[in-house]
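Top to bottom, those sequences are chains A and B. Per this note's numbering, the first sequence starts with residue 1, numbered consecutively. Per this note's numbering, the second sequence starts with residue 1, numbered consecutively.
Errors might be hidden in some of the hints.
[As the list claims (entries may be wrong)] Ranges between beta-carbon positions, derived for each pair:
1. B:257 with A:177: 57 to 63 Å
2. A:102 with B:528: 22 to 28 Å
3. A:30 with B:520: 34 to 40 Å
4. A:127 with B:261: 49 to 55 Å
5. A:126 with B:558: 31 to 37 Å
6. B:496 with A:178: 40 to 46 Å
7. B:212 with A:190: 58 to 64 Å
8. A:193 with B:578: 34 to 40 Å
To be clear, the hints were calculated from the coordinates, so they are not data collected in a lab. Heads up, the beta-carbon is just placed ideally off N, CA and C, and yes, glycines get one too.
Now for the letters of each chain:
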Amino acid sequence: MKFDLIIAGVGGQGIIFTTNVIGRACIKEGKKILAAETHGMAQRGGSVETHIRIGTEFGPLIPKKKADALLGFEPIEALRYSHFLSRKGIAIINTEKIIPPSCVFPGKFTYPDVNYLMSKIKEVFGKVIILNALKLARESGSIMTVNMVMLGVLTNYLPLEKKTIIQAIKELVPEKLIEANLRAFEKGVNFYLTYKS
Amino acid sequence: MEGGVEGAYAYPGTPSSEIMEKLIELSGKYRFYVEWSTNEKVALENAIGSSWGGKRVAVIMKHVGLNVASDPLMSLAYTGIKGGFVLVVADDPFSHSSQNEQDSRIYAKFAQIPCLDPSSPEEANRMASYSFELSEGLNIPVMLRSTTRISHTRSSVEIKMERKKNFSGKFEKNSSQWVVIPAHTRRLRVKLSKKQKHIKEALEKLPYNKLEESNSRFGIITSGVSYLYAKEAVASLGIEASFLKIGAYPPSENMINKFLEKLNRVLIIEELTPFVEEFVRVYTKKQDLHIWGKLTGDVPETGEFSPDTVKEVLSKIFRRPFEEKSILPDLDKLLPPRPPVLCAGCPHRATFYAISQVFGKKAIYPSDIGCYTLGLQMGGVDTCLCMGASITISSGLYKSGEKREIVCTIGDSTFLHTGIPGLINAVYNNSRIVVVILDNETTAMTGYQPHPGTGITAQGEKTHKVSFEKIVRACGVSYVETIDPYNLTESIKVFKRVKEESGVRVVIAKRVCALLAKKLDMKRVRFEVTEECIGCQKCLKFGCPAIEWNGEKAQINEQCSGCGVCAQICPVNSIRKKNNEV
Ligand code: SF4
Ligand code: SF4
Numbered sequence: 001m002k003f004d005l006i007i008a009g010v011g012g013q014g015i016i017f018t019t020n021v022i023g024r025a026c027i028k029e030g031k032k033i034l035a036a037e038t039h040g041m042a043q044r045g046g047s048v049e050t051h052i053r054i055g056t057e058f059g060p061l062i063p064k065k066k067a068d069a070l071l072g073f074e075p076i077e078a079l080r081y082s083h084f085l086s087r088k089g090i091a092i093i094n095t096e097k098i099i100p101p102s103c104v105f106p107g108k109f110t111y112p113d114v115n116y117l118m119s120k121i122k123e124v125f126g127k128v129i130i131l132n133a134l135k136l137a138r139e140s141g142s143i144m145t146v147n148m149v150m151l152g153v154l155t156n157y158l159p160l161e162k163k164t165i166i167q168a169i170k171e172l173v174p175e176k177l178i179e180a181n182l183r184a185f186e187k188g189v190n191f192y193l194t195y196k197s
Numbered sequence: 001m002e003g004g005v006e007g008a009y010a011y012p013g014t015p016s017s018e019i020m021e022k023l024i025e026l027s028g029k030y031r032f033y034v035e036w037s038t039n040e041k042v043a044l045e046n047a048i049g050s051s052w053g054g055k056r057v058a059v060i061m062k063h064v065g066l067n068v069a070s071d072p073l074m075s076l077a078y079t080g081i082k083g084g085f086v087l088v089v090a091d092d093p094f095s096h097s098s099q100n101e102q103d104s105r106i107y108a109k110f111a112q113i114p115c116l117d118p119s120s121p122e123e124a125n126r127m128a129s130y131s132f133e134l135s136e137g138l139n140i141p142v143m144l145r146s147t148t149r150i151s152h153t154r155s156s157v158e159i160k161m162e163r164k165k166n167f168s169g170k171f172e173k174n175s176s177q178w179v180v181i182p183a184h185t186r187r188l189r190v191k192l193s194k195k196q197k198h199i200k201e202a203l204e205k206l207p208y209n210k211l212e213e214s215n216s217r218f219g220i221i222t223s224g225v226s227y228l229y230a231k232e233a234v235a236s237l238g239i240e241a242s243f244l245k246i247g248a249y250p251p252s253e254n255m256i257n258k259f260l261e262k263l264n265r266v267l268i269i270e271e272l273t274p275f276v277e278e279f280v281r282v283y284t285k286k287q288d289l290h291i292w293g294k295l296t297g298d299v300p301e302t303g304e305f306s307p308d309t310v311k312e313v314l315s316k317i318f319r320r321p322f323e324e325k326s327i328l329p330d331l332d333k334l335l336p337p338r339p340p341v342l343c344a345g346c347p348h349r350a351t352f353y354a355i356s357q358v359f360g361k362k363a364i365y366p367s368d369i370g371c372y373t374l375g376l377q378m379g380g381v382d383t384c385l386c387m388g389a390s391i392t393i394s395s396g397l398y399k400s401g402e403k404r405e406i407v408c409t410i411g412d413s414t415f416l417h418t419g420i421p422g423l424i425n426a427v428y429n430n431s432r433i434v435v436v437i438l439d440n441e442t443t444a445m446t447g448y449q450p451h452p453g454t455g456i457t458a459q460g461e462k463t464h465k466v467s468f469e470k471i472v473r474a475c476g477v478s479y480v481e482t483i484d485p486y487n488l489t490e491s492i493k494v495f496k497r498v499k500e501e502s503g504v505r506v507v508i509a510k511r512v513c514a515l516l517a518k519k520l521d522m523k524r525v526r527f528e529v530t531e532e533c534i535g536c537q538k539c540l541k542f543g544c545p546a547i548e549w550n551g552e553k554a555q556i557n558e559q560c561s562g563c564g565v566c567a568q569i570c571p572v573n574s575i576r577k578k579n580n581e582v
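If we strip away everything but chain B, and leave its shape as in the complex, we get:
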């Protein structure tokens, strides 16, 4: 906002979604454009269009989203930008809510673009507004790379709400810049290479790099939030150390060599890959320098850091005792785990249940990314790799000669994100699979963002609502059924019919996300277990968190959202609507 963004594009993904949500909230008052795009590549390309049209743009995604968007990014570095271009990428060390731990700084290096790496929310704020200028000054997109502990930290940050004036842009035709045919791109490649020198000069001067000298010959080079962890660890152990905090990449060679001059030992602390460490090792000419880092095995290679991680590393280096982690060691074993589960009344649970009743344990269940990946707990998820890979892995399994039934599940938003090409491919290449589209009318896992299937835009305006059935039919699927997962009896019947058919069959399981319904305050009834319960535990096996066991009978707690599915499972009809509640 402070940097004067005029267009923001994103696909939701933890831990990046909140950035866009805040921008949406502000977009009305400060009049700029925001959109939830169908996927990250689409978002990035739309942002490119707007930037080439002269506007300052931001495009926001999580680290794995950048894999999808990497194609346009690589060539965008060649063509350059017009309006300031900021790519915000949220990395997720320890994969708190991701399928892998990747380091987006490597993408910045790969694309040869500058990358800023904040160590606190405050610094992220300053960097974000500055990056537009940096981008325009260098005529290149700038990456702002955050990590979970920055993205999901709330903090008091001072903000200046005065907006830069609007930039009225206009696209200017210039094929030698915007058309990357071989003849042009070869020239642009040389230009990009020459630009690297300017990037280095610009980054070197930034206040986000900080050199803090001490009298010690021991120093720490660090980046991102690890800088603060290292500061705390050093303070608590009472160790003297010089610090070099790196806030921009590629890191400056001069700066690193100047820092190393007085040192004979240096420790490099950074999350994810040994990115800075590799630069340091290439840059230094010092023979007598001892370097501790990920490459020497002294700093953990994986996972997320904390002040304790750095303390442990320092304790080893300085041969200090490091205390045992747990205060109550034997108690840890006593504590039952509490992983997340599908909500009470989640329509996905009902769909998985219906599928398992018809296709059983033998069938293979590829799945995808969303709340429904939690269907793992019900035996309904055999594979999950990346966005959209449920359908494609299914058809691939079929082509591998797999004779068992293959039934895959994919969410509505995921299907629109990258599912469609896989479906076309499966039909085109004559696969025999069942595709279940779980349409809960929102992007639930990331916080209920709308998507083209909801008919609502980011700003809450009405727009065309795409029809899943029409898309599926247009892909060439002739067998399509739509079910309401809350009607379990009927759903089972439909899956039985589907099982008899061949080719690519699609079932659309349509029912709004139970948590969203609760948020929207939709009317609900509650269910209860009556005296007739025979204690068979069939409903317990369904796994709804609202159903408990009191030692003899089932009982339903206040989490019940009233979906009524358990009532259809109960063999003696002992689960009924509570009549005194609305």
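With the rest of the complex left out, here is chain A:
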């Protein structure tokens, strides 16, 4: 099965790590994976986008309007890269904003109203899941696990077994952080289940 995914967010949110978990899980299941990341300067709080293609015979970049899913770690970054998402695709968006330095001083730019942004995105895409992943991460014991919450929600759509993803997390997260990360991951999985019903 082919699956194209865009992850968008801010440097430092653990996006590259999330990509690695998905990559490891694909290798475990013998699925071909390509993941292209923009980094380098990305760690310095800039906007980050990752293209992940499972089972493609083509190159690493996803064409516009062709992604099956968009995992937005931050509202404006989700919107910035939403042109990659297919109208039939699923958008999963964390509503917790990270104010970019360009908005710190009044006048230059202002951070748009998140509710307005979300209503806009709902107009265009059929399936949109909105959550405060930071809140769920905090509840699971570490605010550094926003990425695992997001991955948990996404797991319901990925062509990968949940248990393989858990195994990949265990292999890649440092020993002492595994528990918090898995708790956050499960929060994401459950969020999806309650959200749906």
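Use these hints to put chain B with the ligands onto chain A, whose structure you have.
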């Protein structure tokens, strides 16, 4: 690794650094030599030494690094090699993290050496291990040219970890080969020229070139990752096309002419320069052939490609509608930009701030390549051109008759890379400039690689730690001061003293990179804004991403690394250490 590398040399540079980092990781287990060299020329020459000593070597750099290393490369093609020699160069279309977009294939042509161009990480892996053999077979260095989308793509790749046995080499004296005096080099030049025929024959047979025929009289010639973009674009538009994928340069004349035989229209898709296109135009004798490419303006001349780039080109050629890019057009304008910034607690920010407090807006600030180029956002960077050019542009500006103060900034690793000759030159030729060496004890921007100023080798062993102060003094600088940028008050005092002096003055701003400190888990305190804040926004202007504005007062978020610089800026002393945290 699979090709049996025995020595690897590199200077870090995005998007090439990860190759060496992986090799370092494996070097212990598989016992081969790795080093971070001081610059790319030094790396290449060291690799030459090892190759002439009989070892299989790899030297790794980004495209602009090859400019620095081009001097030895040009003559190495003449002398030839002994142990297999692979030069890995990472190009960066769209300059994601570079000062320009150059096409290293042109260097390969210039040096008359073979060049392999992978279209995927998998192919890069196969090419890398094969290139040692190719190099030894032809007695010439081989370039493996990658681009950002290959370099920064993770993929499942099958690897064979059995190592070829070690080659025990020994340098054999042979002055007619290793000494390029005019009498020898003229002979070697003729030899290199004759060798071209063998190179062509060897490359023609490689599986990296691929001819895929169809019934159509329309064809696409493509190379690198563009091959996959073109395949996807053709599939999604439902166009029939023959394909010629070129994986090795110089491209084979026979192969291209054979491909063109049945065609009347051909499109050439390649990133960067019209390199293949020029070959095609020279090779073909067909009068009735229509060629679309960069030279006709049909394919974008600049930037990075994507499947959409090729789709757009094909849509024009086949007169199909091409959809508008944005799904939410008016929203784009709403989204504030988010460029990278210096980290919270970055020592460079503090140094730039201190400099600006003393030298103001009037002074001229040449700078260099590193995280600190982001000092642009603080008005601390007026020029940035290439590695090491901060000091030299400064002394040049001074000699142009510039009367304003000239204060340049250069990182520790950059200073060791190519800064030193410029400093010697500035002193020698009596310039009047201030040079600030930003010593954050690492090569931060490319991922915290060690350098000679850290006293640690690539493999993490202890070694001699060069002293910046001693180097600077040995260059002839008599006025040298060292500051801790986190001590803002003291730093400002020092810069004030420096301003009063003349000649070449050097300030070493020494403090470990904040992100590295965090990684190393160094103890840190956090700061907070207390009730006394008067809302003057002075600390906000400092630009630390940990400082926010809540509408009335400043506040500090969890990004704070505890540098304490903002506390020294606050005029009413309202920023203080949080006492309940370690
Ligand atoms: S990585 Fe280090 S040197 Fe670079 S911006 Fe961050 S703190 Fe500064
Ligand atoms: S102490 Fe102030 S300047 Fe330093 S990192 Fe924290 S908020 Fe930023």
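Status of the hints after comparison with the structure:
The given range of 57 to 63 Å is respected by residue 257 (chain B) and residue 177 (chain A), whose C-beta atoms sit roughly 60 Å from each other. Judged by the Cβ atoms, the range 22 to 28 Å given for residue 102 (chain A) and residue 528 (chain B) holds: they are separated by roughly 24 Å. Range check, residue 30 (chain A) to residue 520 (chain B): Cβ separation about 38 Å, and the 34 to 40 Å hint holds. A beta carbon spacing of about 50 Å between residue 127 (chain A) and residue 261 (chain B) agrees with the range 49 to 55 Å that was offered as a hint.
For residue 126 (chain A) and residue 558 (chain B), the hinted distance range of 31 to 37 Å is satisfied, since their beta carbons lie about 36 Å from each other. Taking 40 to 46 Å as the suggested C-beta distance range, the pair residue 496 (chain B) and residue 178 (chain A) does not conform, at roughly 52 Å. Against the hinted window of 58 to 64 Å, the Cβ-Cβ separation of residue 212 (chain B) and residue 190 (chain A) comes to about 48 Å, which falls outside the hint. Taken as a hint, the range 34 to 40 Å holds for the pair residue 193 (chain A) and residue 578 (chain B), whose Cβ atoms sit roughly 39 Å apart.
In terms of the numbered hints stated before, the structure departs from hints 6, 7, listed from lowest to highest.
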